[in-house]
Each structure stands twice: as C-alpha cells, then as structure tokens.
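S.K.: Sequence:
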Amino acid sequence: ENTTSKVIVFIGNNTEADITYKKFMQHSQSKPTVLFGFLSCGGRREGEKVYSWHGNNCNITLGAVNKMKIDENNWQKVILGTHLKLDLKPDMNAWLKYHSALITPLCIAIQYEDGETKKLHHSKVLKLSIEALKECLCMFEHMEFLKDSPHDMKLLKWPTMLLYYAMALLLPTKTGRLIAISHALAATSEVETLKEELLNCSKTYHYPLPSFNT
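Quick note on numbering: the sequence shown equals residues 1 to 214 in the working numbering.
There may be inaccurate statements among the hints.
Calculated pairs, DSS-like style, for lysine-lysine (alpha carbon to alpha carbon, straight line, at most 25 Å) [claimed, not checked]:
{"no.": "1", "residue 1": "LYS49", "residue 2": "LYS6"}
{"no.": "2", "residue 1": "LYS77", "residue 2": "LYS49"}
{"no.": "3", "residue 1": "LYS89", "residue 2": "LYS174"}
{"no.": "4", "residue 1": "LYS89", "residue 2": "LYS127"}
{"no.": "5", "residue 1": "LYS89", "residue 2": "LYS154"}
{"no.": "6", "residue 1": "LYS89", "residue 2": "LYS77"}
{"no.": "7", "residue 1": "LYS69", "residue 2": "LYS85"}
{"no.": "8", "residue 1": "LYS118", "residue 2": "LYS154"}
{"no.": "9", "residue 1": "LYS23", "residue 2": "LYS77"}
Here are the computed distance ranges between Cβ atoms for each label pair [stated by the list, open to error]:
{"no.": "10", "residue 1": "LEU185", "residue 2": "PRO210", "range": "39 to 49 Å"}
{"no.": "11", "residue 1": "LYS118", "residue 2": "PRO210", "range": "24 to 34 Å"}
{"no.": "12", "residue 1": "ASN66", "residue 2": "CYS138", "range": "42 to 52 Å"}
{"no.": "13", "residue 1": "PRO210", "residue 2": "LYS85", "range": "18 to 28 Å"}
{"no.": "14", "residue 1": "VAL50", "residue 2": "CYS138", "range": "18 to 28 Å"}
{"no.": "15", "residue 1": "LEU80", "residue 2": "LEU170", "range": "26 to 36 Å"}
{"no.": "16", "residue 1": "LYS203", "residue 2": "ASN73", "range": "23 to 33 Å"}
No lab work stands behind these hints: they were computed from the structure. For each residue, glycine too, the CB sits at the ideal point set by N, CA and C.
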C-alpha cells in the first residue's frame with residue numbers, strides 16, 4: 001500500500017529474502033527500490049529496558065538481493081549523526097542465508113537446554129547443532145549462494161569438537177548470554193520461522209540436512 005516511499009528497507013533475519021523480494025515486487029504498485037539489512041547487535045528486553053551488546057559503532061549490513069549497485073555516498077548521508085557503521089554487501093540474499101544457517105541450529109540447541117550454561121557445557125544437542133549449521137552452510141554453498149562468500153567460510157573447515165568447545169566457552173560469558181542465549185530464549189517465534197525456512201530450502205534444493213532434522 002506504500003506508494004510514496006522510493007526506498008524500502010527490511011531489517012532483520014530472513015532466510016528467504018529473495019522470495020520476499022519477488023512477492024513484494026509482484027504486489028507493489030510503485031515498484032520502489034527494496035533493500036535488506038541487518039543490525040549487528042544482540043540482547044533482550046525487560047519491561048521498558050533493553051540490555052544490548054554492540055560496539056561503539058554498531059554495524060548495519062545493507063544490500064540488495066538482485067546484486068543491484070548501491071550508492072554508498074547516499075547511505076552514508078542517511079546514517080550521518082548516528083552510531084551506525086555502514087557495511088554494504090553485493091548480495092544480501094547470500095549474506096542472510098549464511099547468517100540464518102549459522103545462528104538457527106545454535107538457537108535451537110540453546111532453547112532445548114533452556115539456556116542453562118551448565119547443560120550447554122556438556123550438551124550433546126549443542127554438538128549436534130554444530131553439525132547442523134555445517135550442513136546448512138554446505139547446502140547454500142552447493143547451491144552457489146555463497147559463491148561470493150559473505151563471510152569467512154573457514155568455519156566449515158574447523159573440526160566439530162573445536163567449534164563445540166569454542167561455543168561452550170563463549171555462551172556462559174556476559175557477551176555470550178546477551179548475543180546468543182538471551183536472544184534465543186526471547187525470539188522463539190523468530191527461531192521457529194528461520195527453522196521452517198531452512199527446511200523449506202532443504203526440500204526445494206533436494207539437499208538433505210540429517211543433523212538439522214534430528
């Protein structure tokens with residue numbers, strides 16, 4: 001219904017940004033420029049207070065799903081005077097898929113163990129989630145969404161146990177609780193949506209995710 005805005009930005013997790021974009025353009029009368037973004041911060045809300053984790057200048061990752069070139073100067077003007085640091089990506093669809101694959105299995109493991117760090121420190125489910133995130137990343141790499149990798153794919157080469165120990169050490173810290181545990185426990189509907197989107201990708205691409213399905 002919005003026919004006046006020339007640019008619309010969706011900010012947040014979205015495994016199916018390409019599908020969102022297609023549906024939006026099918027129904028839009030004005031056909032604005034549509035971008036997707038993500039804020040690099042985490043935390044929880046308690047009543048009127050928000051406890052969050054972020055750097056002095058919070059990164060806002062921004063890009064299109066159709067590899068459209070973005071005028072960096074214009075967007076630098078938009079965020080001028082804020083505590084945001086612009087990070088433009090040539091393919092935001094790939095970036096969001098990568099991010100969803102990375103966080104969703106971990107969030108599910110955290111929810112399964114009720115966010116209790118003692119349980120997570122010896123959790124078989126957390127170990128399984130490491131295998132699951134690797135599967136999801138491999139799926140998107142196989143479909144060439146990550147051909148121009150939005151992140152460092154060296155993560156795939158790490159042994160599962162090494163990643164598990166790294167997570168087990170990070171999660172009990174104040175930072176770990178804010179950026180992972182608090183968010184996973186608060187955003188149950190969001191995590192469920194991301195899970196369903198990853199499973200839809202698995203069906204669409206005919207790429208099995210045995211650990212993730214477990």
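S.K.: Check the structure against each numbered hint from earlier and tell me which ones fail, lowest number first.
M.R.: 1, 2, 3, 4, 8, 9, 10, 12, 13, 14 and 16
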